[in-house]
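Number of protein chains: 2
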Amino acid sequence: MTPVNLAEKLSRITTHWDPHVVADYNDNDVMVVRFQGAFPFHLHEDTDDFFLVLEGEMTMDLDGSSHPVKAGEIFVVPKGVTHRPRAEAECQVLLIEPKGVPNTGDPATAAAKPRI
Amino acid sequence: MTPVNLAEKLSRITTHWDPHVVADYNDNDVMVVRFQGAFPFHLHEDTDDFFLVLEGEMTMDLDGSSHPVKAGEIFVVPKGVTHRPRAEAECQVLLIEPKGVPNTGDPATAAAKPRI
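Protein sequence lines, in the order shown, are assigned to chains A and B.
As numbered in the numbering used here, residues 1 to 116 make up the first sequence, in order.
As numbered in the numbering used here, residues 1 to 116 make up the second sequence, in order.
Hints in this document: simulated from the structure, not taken from any laboratory.
No false leads were slipped in.
Quick list of in silico lysine-lysine cross-link-like pairs, DSBU-like style, CA-CA up to 35 Å:
id	chain 1	residue 1	chain 2	residue 2
1	B	Lys79	B	Lys113
2	A	Lys79	B	Lys9
3	A	Lys70	B	Lys79
4	B	Lys113	A	Lys70
5	B	Lys99	B	Lys79
6	A	Lys99	B	Lys9
7	B	Lys113	B	Lys70
8	A	Lys113	B	Lys113
9	A	Lys9	B	Lys9
10	A	Lys70	A	Lys9
11	B	Lys99	A	Lys79
12	A	Lys9	B	Lys70
13	A	Lys113	A	Lys99
14	B	Lys113	A	Lys79
15	A	Lys79	B	Lys79
16	A	Lys99	A	Lys9
17	A	Lys99	B	Lys79
18	A	Lys99	B	Lys70
19	B	Lys9	A	Lys113
20	B	Lys99	A	Lys9
21	B	Lys9	A	Lys70
22	B	Lys70	A	Lys79
23	B	Lys79	A	Lys113
24	B	Lys99	A	Lys113
25	A	Lys99	B	Lys113
26	A	Lys9	A	Lys79
27	A	Lys9	B	Lys113
28	A	Lys79	A	Lys99
29	B	Lys99	A	Lys70
30	A	Lys99	A	Lys70
Which stretches of chain B does chain A cover? Using the computed rule of at least three CB atoms under 8 Å from a CB of chain A, they are:
id	segment
31	1 to 7
32	15 to 24
33	47 to 55
34	70 to 82
Each residue gets a CB set at the ideal place from its N, CA and C atoms; glycine is no exception.
Using the sequences and the hints, build the whole thing.
Written out as structure tokens, the structure is:
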């Protein structure tokens, strides 16, 4: 039980689309990640997807609409909704997902989510 | 499905220890709150308690230890652990708790958690 400094954790990550677990909240992974470029469109049938932009700006593309999300803003994608995060310049994000959820929606292509 | 700007939401809250719901994540309330002074010691038998300091600094008092938590830092209190947040100067916090959880650990004294 110690505080987790998000900037310190992010300073140890250089890769993009590579979420690292920094804390546990009930049965969820709390993660930090760097976004740059466009992630594949996907959906999660059984869970919402929580994004909080810490630094920079991303765009959340949905089916038919695009939403800029800036530092200090949250975007929750409801379960079953097709989406892709996208960032022109590098963006730092706090992610929360239930443990075991593949970040791409597909275990075959999902990131490993190591603990940092 | 729109971004939620946390500073804008907080600008509409003037009271302390008065969490307001700004988003839903699965069956959890995502809330913003202003802390100042000391909250009562309490525990949640059935859930972890998620705190992210957005502005300022708080202290998380546990049974026998105290942990400063600064802006950009997370502190998760595991279920069953007695704790109280405390802030000498006003502090702005993002809270996540399952819906229906009393913030004091006791429905009789819990805050209402209105949506903002």
